[in-house]
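K.L.:
The listed protein sequences correspond, in order, to chains W and L.
Heads up: the first sequence at position 222 corresponds to 222 in the numbering used here, and the numbers run straight through without jumps.
Start counting at 1 in the second sequence, then tack on 1000, and there's your number in the numbering used here.
You may find that some hints are simply not true.
Derived list of chain L stretches under chain W, where covered just means 3 residues or more per stretch with a C-beta under 8 Å from a C-beta of chain W [to be verified]:
{"hint": "1", "stretch": "1014-1028"}
{"hint": "2", "stretch": "1106-1112"}
Simulated restraints on C-beta separations [said to hold, decoys possible]:
{"hint": "3", "chain 1": "W", "residue 1": "GLY26", "chain 2": "L", "residue 2": "TYR1241", "range": "33 to 41 Å"}
{"hint": "4", "chain 1": "W", "residue 1": "ARG57", "chain 2": "L", "residue 2": "ASP1010", "range": "51 to 59 Å"}
{"hint": "5", "chain 1": "W", "residue 1": "MET1", "chain 2": "L", "residue 2": "GLY1097", "range": "34 to 42 Å"}
{"hint": "6", "chain 1": "L", "residue 1": "LYS1034", "chain 2": "W", "residue 2": "GLY26", "range": "39 to 47 Å"}
{"hint": "7", "chain 1": "W", "residue 1": "THR183", "chain 2": "L", "residue 2": "ALA1133", "range": "51 to 59 Å"}
{"hint": "8", "chain 1": "W", "residue 1": "MET1", "chain 2": "L", "residue 2": "ALA1233", "range": "44 to 52 Å"}
{"hint": "9", "chain 1": "L", "residue 1": "LEU1056", "chain 2": "W", "residue 2": "ASN15", "range": "27 to 35 Å"}
{"hint": "10", "chain 1": "L", "residue 1": "GLY1053", "chain 2": "W", "residue 2": "THR134", "range": "15 to 23 Å"}
Please keep in mind that the hints were generated in silico from the structure rather than gathered at the bench.
For every residue, glycine included, the Cβ atom is placed at its ideal position computed from N, Cα and C.
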Amino acid sequence: MNIELYDVTRRFGRNVAVDGVTLDAGPGVLGLLGPNGAGKTSLLRMLATILPPSSGRLALLGRDPAKPADRREIRRRLGYLPQQLGYYPSFTVVEFVEYFALLKEVPPHLVPKAVAAAVEKVDLGPKARAKLRTLSGGMLRRVGIAQAIVNEPELLLFDEPTAGLDPEQRVAFRALIRDLGQTATVVVSTHLVEDVGAACTEVALMSNGRVVFRGTPEELIARGEAGQGVGDAPLERGYSAILAAARAAS
Amino acid sequence: MTAPDDVDLDRVWTNVAAEVWRRHPGRIERTAAKLLKSPGLARALLTTPSLLGPWLIGSTLVLAIGALVQLGANQPLVWLIAPAVAAVGIAYAYGPGIDPAWELACSCAVSDRLVLLTRAVAVFAVNAVLGMAASVATLGTAAGAHTAQLTFGWLIPMTAVCTLTLAVAVAVRSAAVGAGAGVAAWIVVVLGRGALDSTASTPGLSPSPSAGTGLAGAVTDPNLYVPYLAVAACCAAVVYYVTRPQRGAQ
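With these hints in hand, go ahead and build the complete structure from the sequences.
P.N.:
Shown next, in the form of structure tokens:
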């Protein structure tokens, strides 16, 4: 298993963002669904080793991120796209992706090819030497995806990756994460249930910091048909049925 | 003309793109990479906001104006300005809201703590060189009576002010608050020491015979060197503690 969480909790003062989550995941694409404030971003930031858990046990790629040597090794094999991508406006696309390849300690002699491959994968070749300040929001999102995959990570974390992408780019991105999920563990946090249906092999649905559903997209659809979910698409009905049940239970 | 069937054109193109897009690091970056034994850390060092051209020009201008005023009006401006300029530069070297890609950098293998400390040391060194150049340029003025003390003595309070600024900035995660605290503390020390001089006729409050007079006393009074170094050591310990890799609640 590349991700192993046992009873992981994260508090910010009195607010409990992640509440006793137990979860594991191997290679494949795991969709992390949930409404705003459900704890998806906090969970993703813990998986990215940026935020330590307040309690519980967390293992990534078979290592303990609390140990400095393990954390460094995890980070070498990790790709992360935060919800808000910060960037240096004066950098070109290639310079930005190269910067993160170096920070991820990709061996220097492999960096140029790794950068070129990542930029080509997100279809930004024609803009490779463009300054980031000249790019559209969708293109910046693709730059963020390129830096996340530049080290060929075994654990990939995407927070709202399709925000700002046009429909054609979203289709291409889903194909990319399906491809990456063949060998790596890809966790995609999203509001968009159609992304989950098209690209994810498994789904975890969060509400109030807890995982209230874990299963395949087909199982999520089945819950919608059995319950009283609302929505235009089968996945939306499953999503809303589970959330309604979770709210009623709490 | 067509390519043979066994040629992977994508791979060929990636190799070509890698060569075309390859960035050639400058001499400073290559030297820093050798010294730091990390190309990633060297690249992070060269993206320090307060070591970029506009910031350095601003710092140089402030010190140059201070030197000119000192030459014209015999007021000890360079020694008083230099610690404050360096402190502000250190506060704006690294951190959330300062470095646009800070969150991403925190998920990378090159330690963000190492990036912070490397940048802080570099900013300190650059500002020390600029300050010394300005200080040496003002030698021979009436204010330069205690030449050696005035030329190099301000490095000690500068160390204290800079570490205080860094400690506050990392503790409250705000460059503005850190810079404000450092500069405010320095102003209090300078004015406080000056006020002590003005009461020199009062028995028991007289500064030591070797102490400077007026505002320069904050730099030239040897009695203050030990407290400065003690403050610097305490603040360095705070920085070390606050930036330690964490486990558990923050």
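K.L.:
Next, verify each hint and record whether it holds.
P.N.:
Against the structure, the hints come out as follows:
1. 1014-1028: holds (count 8)
2. 1106-1112: Per the Cβ count (6), the hint holds.
3. W:GLY26 <-> L:TYR1241: 33 to 41 Å: Holds, at about 38 Å.
4. W:ARG57 <-> L:ASP1010: 51 to 59 Å: Given range 51 to 59 Å: violated, Cβ gap about 42 Å.
5. W:MET1 <-> L:GLY1097: 34 to 42 Å: With Cβ atoms ~36 Å apart, the hint holds.
6. L:LYS1034 <-> W:GLY26: 39 to 47 Å: 41 Å, holds
7. W:THR183 <-> L:ALA1133: 51 to 59 Å: 55 Å, holds
8. W:MET1 <-> L:ALA1233: 44 to 52 Å: Taking Cβ atoms as reference, MET1 of chain W and ALA1233 of chain L lie about 45 Å apart, which means the hint holds.
9. L:LEU1056 <-> W:ASN15: 27 to 35 Å: 42 Å, violated
10. L:GLY1053 <-> W:THR134: 15 to 23 Å: 20 Å, holds
Figure legend: structure checked against the earlier numbered hints; hints not met, in rising order: 4, 9.
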